[in-house]
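Kindly generate the complete structure, drawing on both the sequences and the hints.
Now for the letters of each chain:
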Amino acid sequence: MNPIVSCTLLITLGLGTTITFASSHWFLAWMGLEINTLAILPLMAQYHHPRATEATLKYFLTQATAASTLLFATTTNAWLNGQWDIQHMTHPLPITLFTIALALKIGLAPPTIWLPEVLQGLDLITGLIMSTWQKLAPFALLLQIYPANSTLLIMLGLTSTLIGGWGGLNQTQLRKILAYSSIAHLGWMILVLQFSPALTLLTLFMYIIMTFSTFLVFHLNNATNINTLATTWAKTPALTALTPLLLLSLGGLPPLSGFMPKWLILQELAKQDLALTATLAALTALLSLYFYLRLSYALALTMFPNNPTGTPPWRLQSPQIVYPLALSITATLTLLPLTPTITALMTP
Amino acid sequence: MLEQNRVVFEFRNPEDLESWTVSSDREIGGQSEAYLKLGKYNTCFFYGTLSSAPPKDGETRYSGYCTMRSKQMLASFDRKQHYDWTTFNTLHLRVRGDGRPWMISVGAETYFAHQKDDMYCYFLYTRGGPYWQDVKIPFSKFFLSHRGRIQDDQHPLWLDKVNTIGFTLGDKANGPFQLEIDYIGVCKDYAHTEEFAYEVYKRNPEV
Chain A
1 MNPIVSCTLL ITLGLGTTIT FASSHWFLAW MGLEINTLAI LPLMAQYHHP RATEATLKYF
61 LTQATAASTL LFATTTNAWL NGQWDIQHMT HPLPITLFTI ALALKIGLAP PTIWLPEVLQ
121 GLDLITGLIM STWQKLAPFA LLLQIYPANS TLLIMLGLTS TLIGGWGGLN QTQLRKILAY
181 SSIAHLGWMI LVLQFSPALT LLTLFMYIIM TFSTFLVFHL NNATNINTLA TTWAKTPALT
241 ALTPLLLLSL GGLPPLSGFM PKWLILQELA KQDLALTATL AALTALLSLY FYLRLSYALA
301 LTMFPNNPTG TPPWRLQSPQ IVYPLALSIT ATLTLLPLTP TITALMTP
Chain B
1 MLEQNRVVFE FRNPEDLESW TVSSDREIGG QSEAYLKLGK YNTCFFYGTL SSAPPKDGET
61 RYSGYCTMRS KQMLASFDRK QHYDWTTFNT LHLRVRGDGR PWMISVGAET YFAHQKDDMY
121 CYFLYTRGGP YWQDVKIPFS KFFLSHRGRI QDDQHPLWLD KVNTIGFTLG DKANGPFQLE
181 IDYIGVCKDY AHTEEFAYEV YKRNPEV
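Protein chains in written order, with the working numbering: chain A, 1 to 348; chain B, 1 to 207.
Mixed in with the good hints, there may be bad ones.
Computed, partial: chain A to chain B, Cβ under 10 Å [what the hints assert, rightly or not]:
#, residue
1, 47
2, 50
3, 51
4, 53
5, 54
6, 56
7, 172
8, 176
9, 224
10, 225
11, 226
Simulated from the structure, these hints should not be mistaken for lab results.
In this text, a Cβ means the ideal position worked out from N, Cα and C, and glycines have one as well.
Shown next as structure tokens:
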């Protein structure tokens, strides 16, 4: 794509999210979301491939549906409450509609069927933008909505963790696996939203760091399925040693950083007397852990000690800048000891 | 995940033939004939007569094709089901032809892309004679065509949503033909690392 066009679209993407962050009026927030959607569509469709077109079309349809539901909720709220302010909402009907609309926007279950298909049709960098940046604006709104419907949020959270875990089990395509991983992580974020929004933010932040690392690792190795991962040891042996740790951090295993949000969420749920919810969430995390372990197995435990049966790929110098990846992998693996500091910072 | 070979189509009983559609230019007024039947030893026999005489409708100038194509797989409630061949990279056929050149066409899912006539094609040159032919065609060799015309903007075939596979004869040689197929399968060739066989030139290059 022409660099000027790419720049314009990326800046517009940033503009949309910033507008939503900065708005206190629902209409302006909706506009920010729409700008975000429209800006990413050309980035998704830039490769002239039917699968990219399909991903763009599906993304547009779901986001348009969510945006129209959001607008409907906005006007309902204005009709019932007489005002458009985001933080002053009391009626449960518009709040429920907002929650459902934003759940569709970010890809929470049950309306999550679009996310794996869309991510599968994108290249890894656009997929990274969609999995990370596009979640910020809807979460900014979700964090400001008064959680009137506690049951809905818990059901959305548990369903997402379940579907995210189960759906990823039968996948060999890495982008779909990351989509189901995204769904599961979003479930964890929503579970604790009503009890501790700061924890939701922390989980989102950790998820963004881990997903950023994962996408960049796959991009560096040009890997889109598990079979390709199995040959990355020949291309980037040092990174191949770190990537299983990165994946296990995504799975939430101690002593890696990914354990931090899960631990704090389970602690918060237990404090709120939701032991059953906490147990179910922890059990569904095992499903996700299985496919992360499967990726780690393909990466690091299938190396031949002698001549491999296949042709090893050429070890070429990659043009990708690796400093952001180095920083994010360090953060993904080593932030757990900072938990007390982070917890102290989170409490007002 | 570690599956290396899979037989996708084999021909053991008449129900296996039900998943194939046979057509020829007889549908547009031509004179070719094509039939499909079960062979003697669990094979399928695609045979007939090719005629390149165009239909007498005053507008068609060229004709002469016979084709067999697999039907769209359907799930419950008539939902489309796709073949997921992402773990494989090679099409493996065991055929016995009559020396004629065939075109293998793979149709991927095009509903959302609005390009329903897109097909990914490659050639199958058969040897005549009594010996079976093991043909392995990497999927990276398949090129994109739209309504039979090769496209400028080529891209590799994505194997996650394959709908149909077909064999077409259109070599302008009038006369009888036959193609016997033992099985159609897919396999993973670890030595084949090519992603796409054709150069894609940059359209609208910066000057």
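Cross-check of the supplied hints:
1. 47: holds, 8 Å
2. 50: holds, 3 Å
3. 51: At 5 Å from the nearest chain B Cβ, residue 51 of chain A passes the 10 Å test, so the hint holds.
4. 53: With a minimum Cβ separation of about 4 Å from chain B (threshold 10 Å), the hint on residue 53 of chain A holds.
5. 54: Interface hint status for residue 54 of chain A: holds (4 Å vs cutoff 10 Å).
6. 56: holds, 9 Å
7. 172: holds, 6 Å
8. 176: holds, 9 Å
9. 224: holds, 9 Å
10. 225: holds, 6 Å
11. 226: holds, 5 Å
Taken one by one, the earlier hints all hold for this structure without exception.
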